[in-house]
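Undergrad: Take the given structure of chain A and dock chain B with the ligands to it, following the hints.
These protein sequence lines map, in sequence, to chains A and B.
Counted from 1, the first sequence has number 229 at position 229 by the working numbering; the numbering is strictly sequential.
Counted from 1, the second sequence has number 97 at position 97 by the working numbering; the numbering is strictly sequential.
I should point out that these hints are in silico values taken from the structure, not numbers from a laboratory.
No residue lacks a Cβ here, since even glycine has one placed at the ideal position from N, Cα and C.
Some hints could be false.
As the list claims (entries may be wrong) - Not close to chain A: a few residues of chain B, all C-beta gaps over 10 Å, as computed: (1) M241; (2) F253; (3) W362; (4) F370.
Said to hold, decoys possible - Looking from chain B toward chain A, a few residues come up when the C-beta cut is under 10 Å (computed): (5) T86; (6) L151; (7) R158; (8) E161; (9) E245; (10) T252.
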Amino acid sequence: MSSTDIMIEAKDLKLAYGSFVVMQNLNFTVHTGEIKVIMGGSGCGKSTLLRHLAGMEAASAGEITIGGEKVGPHEAAMERIRRRFGILFQSGALWSSMTLYENVALPLEQYTDLNANEIADMVEYKLSLVGLKGFGARYPSELSGGMQKRAGLARAMALDPEILFFDEPSAGLDPLSARRLDDLILHLREALGTTIVVVTHELDSIFTIADNALFLDAETRTALAEGPPKKLRNDPASPERVRFFLRRGADADELSNPAHS
Amino acid sequence: MESNRHAAFEIQHEPNERSTIQLRGDWLLRSERPTARQMLQELMASDTHTNWAFDCCDLGAWDSALMMTLARVYQAGRDAGHSIDTSGLPDAVQELLELSQAVPEAAVEEPVKSNAGLNEKVGVWTLDTLAGISRYTHFMGQLILDVGSVLRGRTPFRFREFWILIQQAGVQALPIVALLSFLTGLIIAFIGIIQLQKFAADIYVADLVGLVMTRELAAVMTGVIMAGRTGAAYAAQIGSMRVNEEVDALKTFGIEPVAFLALPRVLALVLMMPLLTILSNVISIAGGMVVSVSISSLTFSTYINETIRAVALTDVFVGVFKSLFFGVIIAFAGCYRGLHCGKDAAAVGRATTSAVVTAITWIVIVDAVFAVIFHILGI
Ligand SMILES: Nc1ncnc2c1ncn2[C@@H]1O[C@H](COP(=O)(O)OP(=O)(O)O)[C@@H](O)[C@H]1O
Ligand SMILES: [Mg+2]
Chain A
1 MSSTDIMIEA KDLKLAYGSF VVMQNLNFTV HTGEIKVIMG GSGCGKSTLL RHLAGMEAAS
61 AGEITIGGEK VGPHEAAMER IRRRFGILFQ SGALWSSMTL YENVALPLEQ YTDLNANEIA
121 DMVEYKLSLV GLKGFGARYP SELSGGMQKR AGLARAMALD PEILFFDEPS AGLDPLSARR
181 LDDLILHLRE ALGTTIVVVT HELDSIFTIA DNALFLDAET RTALAEGPPK KLRNDPASPE
241 RVRFFLRRGA DADELSNPAH S
Chain B
1 MESNRHAAFE IQHEPNERST IQLRGDWLLR SERPTARQML QELMASDTHT NWAFDCCDLG
61 AWDSALMMTL ARVYQAGRDA GHSIDTSGLP DAVQELLELS QAVPEAAVEE PVKSNAGLNE
121 KVGVWTLDTL AGISRYTHFM GQLILDVGSV LRGRTPFRFR EFWILIQQAG VQALPIVALL
181 SFLTGLIIAF IGIIQLQKFA ADIYVADLVG LVMTRELAAV MTGVIMAGRT GAAYAAQIGS
241 MRVNEEVDAL KTFGIEPVAF LALPRVLALV LMMPLLTILS NVISIAGGMV VSVSISSLTF
301 STYINETIRA VALTDVFVGV FKSLFFGVII AFAGCYRGLH CGKDAAAVGR ATTSAVVTAI
361 TWIVIVDAVF AVIFHILGI
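Just chain A, with the same shape it has in the complex (with noise of 0.2 Å):
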């Protein structure tokens, strides 16, 4: 693949706090139009990669290229690179004192030249895609979990980014509501082909969204290996962690989908 096609890039990338280090030495990229799933136990710093993805925090070292700007020193580069994803927060993370609709519209009119009735439309679009349809009205604490997050996706999809970051987008969630998210996730790379970064330490859905894994290691601190799961699964040269943990994996897959085998 060319260089061009490249949408994230991470170069020798540490990620610390203070004099903990929660990563160090991680690079990979993700292409324009992927679903990278970004595996790790809890405490092993996925948010903390994902905030660092995002320009929230400072990398002690090494750089992250979104679209190919460099992420992070310059508030006007932020500002352009801010446009281009939107993340959804594992804990939805919807502004409480505010209903559905002004958490989405809030985006809008901040950063879009959209009249009121426009700026209407839009979100109650948005919420449609995600099946909160006429829940503008509500405020967060009036949804379940798994609203929650769909109205935190619609939100962050409000501007029509090209990325989407999710942080443990099943987590909390019953295994209906996170199935519907995957299919939500798959069908808006389908439909819009947004590049997707999921975080997560679930396995259910990696053979289900991911083009691409990259396992995090929290012993090593670094990556452990990184490739396509049905790859990583069957190739010997993959770490034996690795490939015991994606087969344990396979058979549910396996089980619900035996078309696929």
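TA: The following block gives chain B with the ligands in isolation, referenced to the frame of chain A:
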């Protein structure tokens, strides 16, 4: 069913450097049993026997009581470099033992225990304090810059929410401010009158209440009430937004949290504090009047006339002027603590507490500073 057999163990030091631990009886939590320490003492008694094994032919029922003992013995044996053969144990026990010995997650780190000496503590405290001051200054600067960012339309200003904040810091605080002001006026008048009557100077109770309240107490008391009420609420609101990643969500849209969250709150409180202070003035004077009229020979009109004679407009201004600063301090402490709150629920509690403590401390300090300044200026 077999009756309970006493839990016991016996250790046989065999000739081939092997110690076999024979477990007998029922090892149950509810019954008496030997401790791991006893078992270890006997095991360690021999230096030469470094291979340990188990024999469970006589082991009866068991539960976690056995497991905790074995886990402890196993760990200690391993640490001492012995080789331990667990094959003599029941399968389930082996499995549990293996589970308990699984390597803990790498991220487990010892919490740093401070056994620093006095010097180091003072040093660390000083550095922390300096860093704190610099963060505060930064926050203040940011807040001032953000006024510009809001004016230029770069940060949204939500008037509906601002209106709600005004209500929270204004109308909703009226009853408590009124009640406490009335009682304060009442108390001051009561104590004052008893003293002043000794000199037949009852009339001056109006001066006392009027001046004390307008110059000092109305502003300070309103400040303390608002610190506990509104400052704490700000810290809790913003702190829980931080825990919930709502603040991060703002940042991803390029919205500056200080401008978006703190500025309206500071503004709301700065606008409401002077009004509340003026109200407190009026009501506390009324409280003083009620006491004076009922326990001395003063009448309403003499009390009011004396108050008007004694309290100059400057005195009222002094209090109201200070209340502006108190408003900034309270909102500032609340928002700052909220935005610098940790990421767990307990952190919100800590943020709230320290918002109130910080605000009250600074109110008193600033009040003292103003007292000196006004004295020098002769106001
Ligand atoms: N703001 C912070 N300051 C210091 N350490 C942090 C901070 N946030 C997270 N950590 C630490 O960094 C590590 C990774 O955290 P995180 O990225 O949240 O893990 P994950 O999302 O993979 O569960 C954890 O050990 C956590 O304690
Ligand atoms: Mg996380």
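Undergrad: Now, for every hint given, state plainly whether the structure supports it.
TA: Against the structure, the hints:
1. M241: violated, 7 Å
2. F253: Its Cβ does come within 10 Å of chain A, the nearest being 5 Å, so this is violated.
3. W362: Nearest chain A Cβ is 27 Å from W362 (chain B), so the label holds.
4. F370: It holds; F370 (chain B) is separated from chain A by about 35 Å at its closest Cβ, greater than 10 Å.
5. T86: T86 (chain B) check fails; min Cβ-Cβ to chain A is 24 Å, beyond 10 Å.
6. L151: violated, 15 Å
7. R158: Where the cut-off is 10 Å and the nearest Cβ of chain A is about 8 Å from R158 (chain B), the hint holds.
8. E161: The hint holds - E161 (chain B) has a Cβ within 10 Å of chain A, the shortest such distance being about 6 Å.
9. E245: Cβ of E245 (chain B) sits 4 Å from chain A, so the hint holds.
10. T252: T252 (chain B) check passes; min Cβ-Cβ to chain A is 5 Å, inside 10 Å.
When the structure is compared with the earlier hints, violations turn up for hints 1, 2, 5, 6 and for no others.
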